[in-house]
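Numbering (the working numbering), first residue to last: 2 to 744.
If you're looking for bench data, these hints aren't it; they were derived computationally from the structure. Source: prediction; values computed, not measured. All C-beta atoms, glycine included, are put in the ideal place defined by N, C-alpha and C. Do not take every clue at face value.
[As the list claims (entries may be wrong)] Beta-carbon label-pair distances, calculated as ranges:
| no. | residue 1 | residue 2 | range |
| --- | --- | --- | --- |
| 1 | ALA446 | GLY597 | 38 to 44 Å |
| 2 | ALA102 | SER612 | 31 to 37 Å |
| 3 | ALA446 | ARG103 | 54 to 60 Å |
| 4 | GLN74 | PHE523 | 28 to 34 Å |
| 5 | GLU359 | PRO184 | 24 to 30 Å |
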Amino acid sequence: MAVSVPLSFQFLLSLLLTRAVLSSSEYLIGVGSYDITGPAADVNMMGYANSEQIASGIHFRLRARAFIIAEPQGNRVAFVNLDACMASQIVTIKVLERLKARYGDLYTEKNVAISGIHTHAGPGGYLQYVTYIVTSLGFVRQSFDVLVDGIEQAIMQAHQSLRPGSVFVNKGDLLDAGVNRSPSSYLNNPAAERSKYKYNVDKEMTLLKFVDSKLGPIGSFNWFATHGTSMSRTNSLISGDNKGAAARFMEDWFQSGQKIPRRVSTIVSDLSQNHSRLLDIAASYKSSRGQTLDAKVRVRKASFVSAFCQSNCGDVSPNVLGTFCIDTGLPCDFNHSTCNGKNELCYGRGPGYPDEFESTRIIGERQFKMAVGLFNKATEKLEGKIGYQHEYVDFSNLEVTVPKAGGGSETVKTCPAAMGFGFAAGTTDGPGAFDFKQGDDKGKAFWRLVRNVLTTPGPDQIQCQKPKPILLDTGEMKTPYDWAPSILPVQIFRIGQLIILSVPGEFTTMAGRRLRDAVKSFLISLDSKQFGNNLHVVIAGLTNTYSQYIATFEEYEVQRYEGASTLYGPHTLTAYIQEFKKLATALVNGQTLPSGPQPPDLLDNQISLLSPVVVDSTPIGVSFGDVKSDVPPKSTFVRGQQVNATFWSGCPRNDLMTEGSFAVVETLRGEKWVPVYDDDDFSVKFKWSRPGKLSPESQATVEWRIPESAVAGVYRLRHYGASKSLVGSITSFSGSSSAFVVV
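Taking the hints into account, I'd like the entire structure generated from these sequences.
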């Protein structure tokens, strides 16, 4: 006999059950991921400041990955990891405006952190200060918009997926994914301090494992310090570099049932034994004519979100084989990283040298394998309060208390931003030009004259920045608008026994150690019961905005690249430690700090000199999407070989194919072509080019390195794109190559 239950009773029962579930689980957790791949053509890449490094395709796509952790009836924090060089102040401002419009005061600058992985292979032009957009010919609206949209979407996904769950933490040492690129600078730190550490770079990876109470594991985020410079300063394909690669490897690993990554299901078991039949089938599928198309295609859809976040990577290079002179093959000069006095000849070598794609894969795979080990063995559960503190600080004129050599203390100040001569020398990951040299604490008269054309630093600034010889006085350059930030965000998150320090720059190894140790010991001294021996402290580098490097006082004295790029003078690190102690005090005492001076919103001031796409065209009788260079007829390939096809195309700036693909590999199943790999996969590359700089004609090459996991069968390559007419309309198109066989 059916019994009718009043709706009010059903609601009460549901509420009680929900509370019971929440009481057995510490937090609500949610994760999200969204495409942030910017313009894959014409735009300068951010990181190396090489004006000739212009995007012309995709190695693999870029993503924003987010997690939210919330107390059922209390605080919450949102952390976003970007496959981008760094966070941007103007991006952060506009994301927060959107979140406020959508969620009210649920997500603000206080509890949202946006961090970059520091790939040097992503489109530039999305920061608001002149220094960081000179080589991109100013502001690039497409680069900016796709980031703001993607971050918002990733946070929305994480918010909408919030469910009861647990977070586990684990950490361990990864020994072969980073070396110190400024070892002589590191050696200037006190010997007693250096003796506390086994290595001159941090080897520790800290990982969070997110486990939904019903669904099981849904994601992992880890922090590890190594630069995103496995891809060189001459690479022109958009790439997440080693950390972006590691994220793909781990998401694929989980999707494949935690086995060797494989997304192609078995077709017919005897296909590889029937070669002639496969060839006959492939021969019947010639390349298709280009056709208009509205739908986007995306193959790689990960339900498990894995992010490889950046930490104190300032002096850490993934080029672990060492530095060598390209003219002689001999090691570079130890103190200055030069070859016969020239910085341009000294380069670091990755483990796949001379193949930078292989170096990216290897360093990414090493991080991935370390993360898998930590993930599988993560048993320590984060338990306790969630908290956060945030303030804006004017670092151009901040009073800092420092110890005096003879005892006692004195008050000093930070300085308006400035870059030294050693900055222009670059690093062994990407050397500079002319006669600049790392470790230059004097400067040259000629470059001082050149500098003075822009602005001449005054005596107070020169004294404040000593021993840095000022090459660019960016903090005092205001034309056409600010060249460098002065107001910076500092932020601290607490998730149980985990502390995340969000810093708007690149801390060197020792600078990061000092900050972590200072905050950890300070928190324990404030409340030893809350913060015992199991307190974990991580640094989230390049977060919320960007202000270049933070070196120790001793490293600053040496004026290698990192010291010369420490903008606010020799006491910058001490200023950070001072401000983070202030945040820690407020965190423990439950205080609300004043927000501080607001950073400027310079969006309306931005200037862009990048030419728009005027029109796309093809030769007479040719359609967009037609094959220009096909796969040879009746071709057979084995795993490890490469297959190419080139298509007549339009400029990728016409449509970024967000959450879609420019390049797809399809396999034949029965009589249907099914997409199985795309340009978000490590095995597929999308390359775009014009025959001439001003030519309206262009072509796209789809390149597939057949992975070991590929199933034997019939395949073809497909290109998706969009063209622009003279009247400005955008038309989507696609085309496919002739079929071929993989055995």
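Against which earlier hints does the structure fall short, listed by number upward?
-> The structure conflicts with no hint, since it agrees with every one listed earlier.
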